[in-house]
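*Asks:* Protein chains in written order, with this note's numbering: chain A, 1184 to 1439; chain B, 1184 to 1439.
Treat the hints as calculated values from the structure; they're not laboratory data.
A portion of the hints provided could be inaccurate.
Identical copies go unnamed one by one, so any copy, or any two together, can satisfy a pair.
[Claimed, not checked] The calculated lysine-lysine pairs, modelled on DSS-like cross-linking and capped at a C-alpha distance of 27 Å, are:
#	residue 1	residue 2
1	K1359	K1336
2	K1334	K1310
3	K1334	K1400
4	K1400	K1238
5	K1213	K1336
6	K1310	K1359
7	K1238	K1372
8	K1336	K1361
9	K1310	K1203
10	K1400	K1245
11	K1336	K1310
12	K1372	K1336
13	K1213	K1408
14	K1334	K1359
2 protein chains.
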Amino acid sequence: MIFAAILAGGVGNRMGEVDKPKQFLTLGDKPILIQTVEKFYLNHRIDEVIVLCHKYWINHTKDLIDEYIPNADNVTVVEGGELRNDTIMNAVSYIEGKYDLSEDDIIITHDSVRPFVTHRIIMENIKKTEEVGACDTVIPATDTIVVSEDKDKISNIPNRDFMYQGQTPQTFKILKLKECFNNLSDEEKSTLSDAAKIFVLNGEEVAIVRGEVFNIKITYPYDLKVANTIIDDAKLNISDAETGEYKVNLYDFDDK
Amino acid sequence: MIFAAILAGGVGNRMGEVDKPKQFLTLGDKPILIQTVEKFYLNHRIDEVIVLCHKYWINHTKDLIDEYIPNADNVTVVEGGELRNDTIMNAVSYIEGKYDLSEDDIIITHDSVRPFVTHRIIMENIKKTEEVGACDTVIPATDTIVVSEDKDKISNIPNRDFMYQGQTPQTFKILKLKECFNNLSDEEKSTLSDAAKIFVLNGEEVAIVRGEVFNIKITYPYDLKVANTIIDDAKLNISDAETGEYKVNLYDFDDK
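With the hints as constraints, model all of the structure from the sequences given.
*Replies:* Right, dumping it as structure tokens:
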């Protein structure tokens, strides 16, 4: 079986004066969260979509799903944890409570505020995880990456050819993820901000899947402006979500 | 003395079907290159601005400067080199041919397609280079950085707290830069894509200066759309360029 865990735990403190978390803000004609959930809900390989959010926002999230995706009997709202990886483990616990898992079952974890994930990215995540056991979605680093360990001087400028920027989805065989997570020390569990690193710290292979420049994470109001530009370009409709790619035009434009 | 070298060597092949390099495209009411040159031309600490471009575009660049910055007697157009660092060394050669340099003289190198550099960033570049001898403008990495040496599997996910994305300006004491560059092997010279790394490879200190999220490099048409959004927000005028910051509003927005 294949599950999608949509991580909507944010309470939106980076969004300034806004009175609700960013995943509930409107993008195009519906909330960002709904745009994201639809990508997984509409994918025929995915058995159940689990939306993880802060306990204060569970009822609001359920209401939105009822309004925008009525009769979605395979979308469930579950309480998230304090940290990103706690939230993912809450999804694992929910799944284990409902199904008998085998070692081939897969969880696709994805940021609720990355609504531009494509069908191609999701399908490649599933394929790579079936083959390797874990995968991460990345794009080649667009900037030179600079390392500074003291926030004052440069420690190193690594070869840019090897550097990537992480996006999501991050996809894992569920039982392997649980085993690797349980192998971590309490300190590792409390400081780890990335799920793929759970595998890396265990010496397990993680494949990389090519993301998209436009698969952005909406964190700041500025990002929402960019996102609305992407939406305007994409002329989104259901068939896009079904067949794969957005019609975002990154390579041609009018020079007025 | 303090010089600005504006790196405009691009011939624009990443811009698709456009018939001219991206630095000549219009942003707001004038070419991107002019927006960038103005930031340095208007800075009272800078003695001369050297614009480095491909030989095919020298006349066009001169014409633009005459049109938009008439009587700019301290803006000079010089032919660039094949690689980024060759271009910078061409600027150094030009400066050496015209002035007697002392070890305190400074070159500020900057991408012609980063028009949103601020007065604050330029002044901090000058100050840090006076103190340390070299500096680089960076922002904390917004994404998790992933290292893959084989383009297939993850090699490492370094601690994000130490990771930064490089921007420009990159600023150096000129004679030290020349000395460090001449110490490199031919292979290092031919593969190096970053000027700050000339210092790093020589074991010399490079300070970091805080950039800005909106100090973007306009590489793809998508970036130009974002840039126009920034321009719309910023309500640019000369006093902004004189006093420092753009009025780009990253933290508040209307949720309609």
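*Asks:* For each hint, tell me whether it holds in the structure or not.
*Replies:* Hint check:
1. In this assembly of identical chains, K1359 and K1336 lie within 27 Å of each other by CA distance solely across copies; the values are 17 Å between and 39 Å within a copy.
2. Taking the closest pair of Cα atoms, K1334 and K1310 come within 27 Å of each other only across two copies (17 Å); inside a single copy the shortest separation is 40 Å, beyond that limit.
3. In this homomeric assembly, K1334 and K1400 come within 27 Å of each other (Cα to Cα) both inside a single copy, at 25 Å, and across copies, at 23 Å.
4. Proximity of K1400 and K1238 under a CA criterion of 27 Å is satisfied intra-copy only: 22 Å inside one chain copy versus 40 Å between copies.
5. For the homomeric pair K1213 and K1336, neither the shortest alpha-carbon distance inside one copy (45 Å) nor that between copies (36 Å) is at most 27 Å.
6. Taking the shortest Cα distances, K1310 and K1359 sit within 27 Å of each other inside one copy (16 Å), while across copies they are farther apart (52 Å).
7. In this assembly of identical chains, K1238 and K1372 lie within 27 Å of each other by CA distance solely inside one copy; the values are 22 Å within and 56 Å between copies.
8. When the C-alpha separation of K1336 and K1361 is checked against a cutoff of 27 Å, the pair qualifies only between copies, where the shortest distance is 21 Å, while the shortest distance within a copy is 39 Å.
9. Taking the shortest Cα distances, K1310 and K1203 never come within 27 Å of each other, neither inside one copy (36 Å) nor across copies (41 Å).
10. Taking identical chains as interchangeable, the C-alpha atoms of K1400 and K1245 lie at most 27 Å apart only when both belong to the same chain, with a minimum of 22 Å there against 41 Å between chains.
11. Taking CA atoms no more than 27 Å apart as the test, K1336 paired with K1310 passes between copies only; the shortest distance there is 14 Å, against 42 Å inside one copy.
12. For the homomeric pair K1372 and K1336, the shortest alpha-carbon distance between copies (23 Å) is at most 27 Å, but the shortest distance inside one copy (29 Å) is not.
13. In this homomeric assembly, K1213 and K1408 come within 27 Å of each other (Cα to Cα) both inside a single copy, at 15 Å, and across copies, at 23 Å.
14. Taking the shortest Cα distances, K1334 and K1359 sit within 27 Å of each other only across copies (23 Å), while inside one copy they are farther apart (36 Å).
The earlier numbered hints that this structure contradicts are 5, 9.
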